[in-house]
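S.K.: Numbering (the numbering used here), first residue to last: 1 to 323.
What the hints contain is simulated information worked out from the structure, not anything from laboratory work.
Backbone N, C-alpha and C define an ideal beta-carbon position, used for all residues, glycine too.
Worth double-checking, as some hints may not be accurate.
[As the list claims (entries may be wrong)] If you anchor each label on the Cβ, the simulated ranges turn out as follows: (1) 215 x 166: 50 to 56 Å; (2) 90 x 215: 25 to 31 Å; (3) 228 x 114: 16 to 22 Å; (4) 223 x 309: 40 to 46 Å; (5) 170 x 115: 40 to 46 Å; (6) 113 x 167: 27 to 33 Å; (7) 257 x 169: 26 to 32 Å; (8) 167 x 55: 46 to 52 Å; (9) 135 x 219: 28 to 34 Å; (10) 87 x 194: 36 to 42 Å; (11) 115 x 76: 32 to 38 Å; (12) 55 x 219: 18 to 24 Å; (13) 274 x 182: 36 to 42 Å.
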Amino acid sequence: MSGLLALLDDVAGIAKIAAASVDDIAANAAKAGSKAAGVLIDDAAVTPKYVTGFEPARELPMIARIARGSIINKLVFLLPAALLMSAFAPWLIPPLLILGGSYLCFEGAEKIAHYLSKQDDHSPGPDGSHDVKDPAHLEEQKVKGAIKTDFILSAEIMTIALSTIESDSVWIQGATLFVVAILVTVGVYGAVALIVKADDFGLWLSKAGNLGATRALGRGIVKFMPWLLKALTVVGTAAMLWVGGSIIVHSLHQMGWHWPEDTVKAIGASVGGENGFAVWSVKALIDGILGFVWGLILIPIGTKFIAPVWAAVFGGGKKAEAH
1 MSGLLALLDD
11 VAGIAKIAAA
21 SVDDIAANAA
31 KAGSKAAGVL
41 IDDAAVTPKY
51 VTGFEPAREL
61 PMIARIARGS
71 IINKLVFLLP
81 AALLMSAFAP
91 WLIPPLLILG
101 GSYLCFEGAE
111 KIAHYLSKQD
121 DHSPGPDGSH
131 DVKDPAHLEE
141 QKVKGAIKTD
151 FILSAEIMTI
161 ALSTIESDSV
171 WIQGATLFVV
181 AILVTVGVYG
191 AVALIVKADD
201 FGLWLSKAGN
211 LGATRALGRG
221 IVKFMPWLLK
231 ALTVVGTAAM
241 LWVGGSIIVH
251 SLHQMGWHWP
261 EDTVKAIGAS
271 VGGENGFAVW
281 SVKALIDGIL
291 GFVWGLILIP
301 IGTKFIAPVW
311 AAVFGGGKKA
321 EAH
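Throw the hints in and build the complete structure from the sequences for me.
M.R.: So this is what it looks like as C-alpha coordinates:
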(Lines of atoms letter the chains of each structure in order from A and count residues from 1; the text may use other names and numbers.)
(Lines give C-alpha, C1' and ligand atoms only; values in the text may rest on other atoms or scores of the structure.)
Protein backbone atom coordinates (compact mmCIF):
# COMPACT_ATOMS: atom_id res chain seq x y z
CA MET A 1 0.00 0.00 0.00
CA SER A 2 2.83 2.38 0.86
CA GLY A 3 4.43 1.65 -2.51
CA LEU A 4 1.19 2.54 -4.30
CA LEU A 5 0.92 5.78 -2.33
CA ALA A 6 4.53 6.63 -3.18
CA LEU A 7 3.81 5.93 -6.86
CA LEU A 8 0.72 8.15 -6.78
CA ASP A 9 2.77 10.86 -5.07
CA ASP A 10 5.38 10.64 -7.83
CA VAL A 11 2.67 10.82 -10.48
CA ALA A 12 1.18 13.87 -8.77
CA GLY A 13 4.62 15.48 -8.67
CA ILE A 14 5.16 14.81 -12.38
CA ALA A 15 1.70 16.22 -13.12
CA LYS A 16 2.54 19.39 -11.19
CA ILE A 17 5.78 19.80 -13.13
CA ALA A 18 3.96 19.20 -16.41
CA ALA A 19 1.27 21.72 -15.45
CA ALA A 20 3.91 24.28 -14.55
CA SER A 21 5.65 23.64 -17.88
CA VAL A 22 2.37 24.14 -19.75
CA ASP A 23 1.85 27.41 -17.87
CA ASP A 24 5.39 28.49 -18.78
CA ILE A 25 4.83 27.63 -22.43
CA ALA A 26 1.51 29.49 -22.52
CA ALA A 27 2.97 32.55 -20.79
CA ASN A 28 6.01 32.64 -23.07
CA ALA A 29 3.84 32.16 -26.17
CA ALA A 30 1.53 35.02 -25.14
CA LYS A 31 4.50 37.29 -24.46
CA ALA A 32 6.08 36.41 -27.79
CA GLY A 33 2.82 37.12 -29.62
CA SER A 34 2.54 40.59 -28.11
CA LYS A 35 6.16 41.39 -28.97
CA ALA A 36 5.65 40.30 -32.58
CA ALA A 37 2.45 42.34 -33.02
CA GLY A 38 3.92 44.60 -35.68
CA VAL A 39 5.07 41.70 -37.82
CA LEU A 40 1.72 39.92 -37.50
CA ILE A 41 -0.33 42.95 -38.52
CA ASP A 42 1.98 43.59 -41.46
CA ASP A 43 1.66 39.96 -42.55
CA ALA A 44 -2.14 40.12 -42.36
CA ALA A 45 -2.18 43.42 -44.28
CA VAL A 46 0.23 42.33 -47.05
CA THR A 47 -0.92 38.77 -47.79
CA PRO A 48 -4.34 39.62 -49.30
CA LYS A 49 -2.51 41.37 -52.16
CA TYR A 50 -1.16 38.02 -53.32
CA VAL A 51 -4.64 36.67 -54.13
CA THR A 52 -6.10 39.89 -55.55
CA GLY A 53 -7.26 39.56 -59.15
CA PHE A 54 -7.77 35.77 -59.10
CA GLU A 55 -11.04 33.90 -59.45
CA PRO A 56 -12.89 33.81 -56.08
CA ALA A 57 -12.78 30.00 -56.17
CA ARG A 58 -8.95 30.12 -56.17
CA GLU A 59 -8.54 32.52 -53.25
CA LEU A 60 -8.95 30.10 -50.33
CA PRO A 61 -6.86 27.33 -51.95
CA MET A 62 -4.08 29.87 -52.52
CA ILE A 63 -4.24 31.03 -48.90
CA ALA A 64 -4.18 27.40 -47.75
CA ARG A 65 -1.05 26.73 -49.82
CA ILE A 66 0.65 29.84 -48.43
CA ALA A 67 -0.30 28.84 -44.87
CA ARG A 68 1.11 25.33 -45.44
CA GLY A 69 4.35 26.88 -46.71
CA SER A 70 4.41 29.13 -43.64
CA ILE A 71 4.12 26.13 -41.31
CA ILE A 72 6.98 24.41 -43.14
CA ASN A 73 9.07 27.58 -42.90
CA LYS A 74 8.54 27.80 -39.16
CA LEU A 75 8.65 24.17 -38.05
CA VAL A 76 11.05 22.53 -40.51
CA PHE A 77 13.61 25.31 -41.01
CA LEU A 78 13.33 28.08 -38.42
CA LEU A 79 12.47 26.19 -35.22
CA PRO A 80 15.50 23.84 -35.36
CA ALA A 81 17.74 26.77 -36.35
CA ALA A 82 16.45 28.81 -33.40
CA LEU A 83 17.08 25.98 -30.93
CA LEU A 84 20.59 25.39 -32.29
CA MET A 85 21.34 29.11 -32.04
CA SER A 86 20.03 29.25 -28.47
CA ALA A 87 22.15 26.24 -27.47
CA PHE A 88 25.42 27.04 -29.23
CA ALA A 89 25.40 30.73 -30.19
CA PRO A 90 23.04 32.71 -27.92
CA TRP A 91 25.17 35.80 -28.52
CA LEU A 92 23.73 35.86 -32.05
CA ILE A 93 20.20 36.60 -30.83
CA PRO A 94 20.58 40.38 -30.12
CA PRO A 95 22.34 41.11 -33.47
CA LEU A 96 19.69 39.12 -35.33
CA LEU A 97 16.97 41.01 -33.48
CA ILE A 98 18.61 44.28 -34.51
CA LEU A 99 18.65 43.02 -38.10
CA GLY A 100 14.98 42.08 -37.89
CA GLY A 101 14.10 45.35 -36.17
CA SER A 102 15.95 47.25 -38.88
CA TYR A 103 13.93 45.40 -41.51
CA LEU A 104 10.71 46.45 -39.76
CA CYS A 105 11.89 50.07 -39.60
CA PHE A 106 12.82 49.98 -43.28
CA GLU A 107 9.45 48.49 -44.21
CA GLY A 108 7.51 51.06 -42.19
CA ALA A 109 9.49 54.06 -43.42
CA GLU A 110 9.42 52.80 -47.01
CA LYS A 111 5.63 52.47 -46.92
CA ILE A 112 5.29 56.05 -45.70
CA ALA A 113 7.74 57.29 -48.34
CA HIS A 114 5.89 55.30 -51.02
CA TYR A 115 2.56 56.84 -49.95
CA LEU A 116 3.96 60.38 -49.89
CA SER A 117 5.49 59.92 -53.35
CA LYS A 118 1.98 59.21 -54.73
CA GLN A 119 3.19 56.31 -56.87
CA ASP A 120 0.61 54.41 -58.89
CA ASP A 121 -0.20 51.22 -57.01
CA HIS A 122 -1.96 49.79 -60.06
CA SER A 123 1.05 49.81 -62.35
CA PRO A 124 2.65 46.47 -63.26
CA GLY A 125 4.94 45.10 -60.58
CA PRO A 126 8.69 45.29 -61.11
CA ASP A 127 8.78 41.52 -61.35
CA GLY A 128 6.59 41.69 -64.46
CA SER A 129 4.12 39.20 -62.95
CA HIS A 130 1.12 41.32 -63.98
CA ASP A 131 2.04 40.64 -67.60
CA VAL A 132 1.80 36.86 -67.27
CA LYS A 133 -1.09 35.49 -69.35
CA ASP A 134 -1.31 32.00 -67.85
CA PRO A 135 -3.41 32.18 -64.64
CA ALA A 136 -2.03 28.89 -63.30
CA HIS A 137 1.54 30.07 -63.81
CA LEU A 138 0.74 33.43 -62.23
CA GLU A 139 -0.86 31.68 -59.25
CA GLU A 140 2.23 29.54 -58.81
CA GLN A 141 4.43 32.65 -58.93
CA LYS A 142 2.31 34.48 -56.39
CA VAL A 143 2.18 31.56 -53.95
CA LYS A 144 5.96 31.06 -54.14
CA GLY A 145 6.50 34.80 -53.68
CA ALA A 146 4.20 34.86 -50.66
CA ILE A 147 6.03 31.91 -49.07
CA LYS A 148 9.39 33.64 -49.63
CA THR A 149 8.04 36.78 -47.96
CA ASP A 150 6.59 34.68 -45.15
CA PHE A 151 10.02 33.17 -44.51
CA ILE A 152 11.43 36.62 -43.71
CA LEU A 153 8.52 37.56 -41.47
CA SER A 154 8.49 34.13 -39.81
CA ALA A 155 12.22 34.39 -39.09
CA GLU A 156 11.55 37.67 -37.29
CA ILE A 157 8.63 36.17 -35.35
CA MET A 158 10.61 33.10 -34.25
CA THR A 159 13.65 35.16 -33.25
CA ILE A 160 11.48 37.56 -31.26
CA ALA A 161 9.70 34.61 -29.65
CA LEU A 162 13.01 32.96 -28.73
CA SER A 163 14.27 36.17 -27.11
CA THR A 164 11.21 36.35 -24.82
CA ILE A 165 11.43 32.80 -23.47
CA GLU A 166 12.54 32.94 -19.83
CA SER A 167 13.79 29.38 -19.63
CA ASP A 168 17.01 27.57 -20.49
CA SER A 169 15.18 24.28 -21.05
CA VAL A 170 15.37 23.22 -24.68
CA TRP A 171 12.01 21.47 -24.25
CA ILE A 172 10.29 24.63 -23.01
CA GLN A 173 11.90 26.64 -25.81
CA GLY A 174 10.96 24.10 -28.47
CA ALA A 175 7.39 23.71 -27.22
CA THR A 176 6.93 27.48 -26.96
CA LEU A 177 8.22 28.05 -30.49
CA PHE A 178 5.99 25.24 -31.75
CA VAL A 179 2.92 26.80 -30.10
CA VAL A 180 3.84 30.26 -31.42
CA ALA A 181 4.35 28.87 -34.94
CA ILE A 182 0.96 27.14 -35.00
CA LEU A 183 -1.05 29.94 -33.36
CA VAL A 184 0.57 32.69 -35.43
CA THR A 185 0.02 30.84 -38.70
CA VAL A 186 -3.59 29.95 -37.91
CA GLY A 187 -4.29 33.46 -36.62
CA VAL A 188 -2.68 35.35 -39.50
CA TYR A 189 -3.93 33.23 -42.39
CA GLY A 190 -7.33 32.70 -40.78
CA ALA A 191 -7.67 36.48 -40.59
CA VAL A 192 -6.44 36.79 -44.18
CA ALA A 193 -9.08 34.29 -45.34
CA LEU A 194 -11.82 36.23 -43.55
CA ILE A 195 -10.60 39.53 -45.02
CA VAL A 196 -10.35 38.17 -48.54
CA LYS A 197 -13.79 36.52 -48.52
CA ALA A 198 -15.62 39.23 -46.55
CA ASP A 199 -16.45 41.29 -49.63
CA ASP A 200 -17.73 38.15 -51.44
CA PHE A 201 -19.91 37.39 -48.44
CA GLY A 202 -21.16 40.96 -48.36
CA LEU A 203 -21.94 40.86 -52.08
CA TRP A 204 -23.85 37.59 -51.68
CA LEU A 205 -25.73 38.99 -48.68
CA SER A 206 -26.68 42.15 -50.59
CA LYS A 207 -28.28 40.04 -53.34
CA ALA A 208 -29.64 37.00 -51.48
CA GLY A 209 -30.79 38.63 -48.24
CA ASN A 210 -34.52 38.24 -47.55
CA LEU A 211 -34.75 41.44 -45.54
CA GLY A 212 -33.88 44.97 -46.57
CA ALA A 213 -31.70 45.30 -43.46
CA THR A 214 -29.79 42.16 -44.44
CA ARG A 215 -29.16 43.43 -47.95
CA ALA A 216 -28.09 46.81 -46.52
CA LEU A 217 -25.68 45.00 -44.19
CA GLY A 218 -24.17 43.21 -47.18
CA ARG A 219 -23.68 46.47 -49.05
CA GLY A 220 -22.15 47.97 -45.91
CA ILE A 221 -19.65 45.12 -45.67
CA VAL A 222 -18.60 45.60 -49.30
CA LYS A 223 -18.08 49.33 -48.75
CA PHE A 224 -16.31 48.81 -45.42
CA MET A 225 -13.67 46.30 -46.57
CA PRO A 226 -11.45 48.77 -48.50
CA TRP A 227 -11.43 51.01 -45.41
CA LEU A 228 -10.52 48.05 -43.23
CA LEU A 229 -7.57 47.19 -45.47
CA LYS A 230 -6.40 50.80 -45.36
CA ALA A 231 -6.74 50.85 -41.56
CA LEU A 232 -4.74 47.61 -41.31
CA THR A 233 -2.02 49.16 -43.44
CA VAL A 234 -1.86 52.28 -41.25
CA VAL A 235 -1.90 50.34 -37.98
CA GLY A 236 0.59 47.81 -39.32
CA THR A 237 2.97 50.55 -40.44
CA ALA A 238 2.81 52.31 -37.06
CA ALA A 239 3.27 48.99 -35.26
CA MET A 240 6.28 48.08 -37.41
CA LEU A 241 8.03 51.36 -36.58
CA TRP A 242 7.24 51.08 -32.88
CA VAL A 243 8.16 47.39 -32.58
CA GLY A 244 11.25 47.78 -34.79
CA GLY A 245 12.51 50.77 -32.81
CA SER A 246 11.88 49.11 -29.45
CA ILE A 247 13.58 45.87 -30.55
CA ILE A 248 16.70 47.77 -31.64
CA VAL A 249 16.85 49.86 -28.47
CA HIS A 250 16.38 46.84 -26.19
CA SER A 251 18.84 44.68 -28.16
CA LEU A 252 21.50 47.40 -27.95
CA HIS A 253 20.93 47.40 -24.18
CA GLN A 254 21.50 43.63 -24.10
CA MET A 255 24.74 44.11 -26.04
CA GLY A 256 26.04 46.61 -23.48
CA TRP A 257 25.04 49.92 -25.08
CA HIS A 258 22.66 51.09 -22.34
CA TRP A 259 22.13 54.79 -22.92
CA PRO A 260 19.48 54.59 -25.70
CA GLU A 261 17.09 52.49 -23.59
CA ASP A 262 17.93 54.38 -20.39
CA THR A 263 17.26 57.69 -22.15
CA VAL A 264 13.92 56.50 -23.54
CA LYS A 265 12.88 55.25 -20.08
CA ALA A 266 13.95 58.50 -18.43
CA ILE A 267 11.96 60.62 -20.90
CA GLY A 268 8.93 58.35 -20.49
CA ALA A 269 9.09 58.63 -16.70
CA SER A 270 9.56 62.41 -16.74
CA VAL A 271 6.64 63.01 -19.14
CA GLY A 272 4.27 60.26 -18.01
CA GLY A 273 4.87 60.63 -14.28
CA GLU A 274 3.05 58.02 -12.22
CA ASN A 275 0.61 57.11 -14.99
CA GLY A 276 1.79 53.75 -16.32
CA PHE A 277 -0.14 54.00 -19.59
CA ALA A 278 1.22 57.51 -20.23
CA VAL A 279 4.77 56.30 -19.60
CA TRP A 280 4.25 53.39 -22.00
CA SER A 281 2.70 55.69 -24.63
CA VAL A 282 5.62 58.15 -24.51
CA LYS A 283 8.15 55.31 -24.77
CA ALA A 284 6.25 53.76 -27.68
CA LEU A 285 6.11 57.15 -29.45
CA ILE A 286 9.85 57.68 -29.02
CA ASP A 287 10.60 54.13 -30.20
CA GLY A 288 8.39 54.73 -33.24
CA ILE A 289 10.13 58.01 -34.08
CA LEU A 290 13.55 56.37 -33.72
CA GLY A 291 12.33 53.51 -35.90
CA PHE A 292 11.10 55.92 -38.57
CA VAL A 293 14.37 57.89 -38.61
CA TRP A 294 16.42 54.68 -38.80
CA GLY A 295 14.14 53.39 -41.55
CA LEU A 296 14.65 56.56 -43.60
CA ILE A 297 18.40 56.08 -43.30
CA LEU A 298 18.05 52.48 -44.47
CA ILE A 299 15.84 53.21 -47.52
CA PRO A 300 18.68 54.17 -49.90
CA ILE A 301 20.80 51.30 -48.59
CA GLY A 302 17.98 48.80 -49.05
CA THR A 303 16.82 50.02 -52.47
CA LYS A 304 20.21 50.71 -54.05
CA PHE A 305 22.28 47.83 -52.69
CA ILE A 306 20.35 45.11 -50.83
CA ALA A 307 17.29 44.86 -53.13
CA PRO A 308 19.31 44.32 -56.35
CA VAL A 309 21.38 41.60 -54.66
CA TRP A 310 18.24 39.96 -53.27
CA ALA A 311 16.55 40.08 -56.68
CA ALA A 312 19.63 38.56 -58.33
CA VAL A 313 19.80 35.70 -55.81
CA PHE A 314 16.12 34.95 -55.15
CA GLY A 315 14.41 36.37 -58.22
CA GLY A 316 12.55 39.28 -56.63
CA GLY A 317 11.99 40.88 -53.25
CA LYS A 318 9.00 41.49 -51.11
CA LYS A 319 8.01 44.70 -52.81
CA ALA A 320 8.23 43.13 -56.20
CA GLU A 321 5.86 40.41 -55.17
CA ALA A 322 3.50 42.48 -53.03
CA HIS A 323 2.94 45.27 -55.54
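S.K.: Could you run down the list of hints and mark each one as holding or not?
M.R.: Hints, verified against the model:
{"no.": "1", "hint": "215 x 166: 50 to 56 Å", "in the structure": "holds, 53 Å"}
{"no.": "2", "hint": "90 x 215: 25 to 31 Å", "in the structure": "violated, 59 Å"}
{"no.": "3", "hint": "228 x 114: 16 to 22 Å", "in the structure": "holds, 20 Å"}
{"no.": "4", "hint": "223 x 309: 40 to 46 Å", "in the structure": "holds, 43 Å"}
{"no.": "5", "hint": "170 x 115: 40 to 46 Å", "in the structure": "holds, 44 Å"}
{"no.": "6", "hint": "113 x 167: 27 to 33 Å", "in the structure": "violated, 41 Å"}
{"no.": "7", "hint": "257 x 169: 26 to 32 Å", "in the structure": "holds, 29 Å"}
{"no.": "8", "hint": "167 x 55: 46 to 52 Å", "in the structure": "holds, 47 Å"}
{"no.": "9", "hint": "135 x 219: 28 to 34 Å", "in the structure": "holds, 29 Å"}
{"no.": "10", "hint": "87 x 194: 36 to 42 Å", "in the structure": "holds, 38 Å"}
{"no.": "11", "hint": "115 x 76: 32 to 38 Å", "in the structure": "holds, 36 Å"}
{"no.": "12", "hint": "55 x 219: 18 to 24 Å", "in the structure": "holds, 23 Å"}
{"no.": "13", "hint": "274 x 182: 36 to 42 Å", "in the structure": "holds, 40 Å"}
In the structure shown, a violation is registered for the earlier hints numbered 2 and 6, in ascending order.
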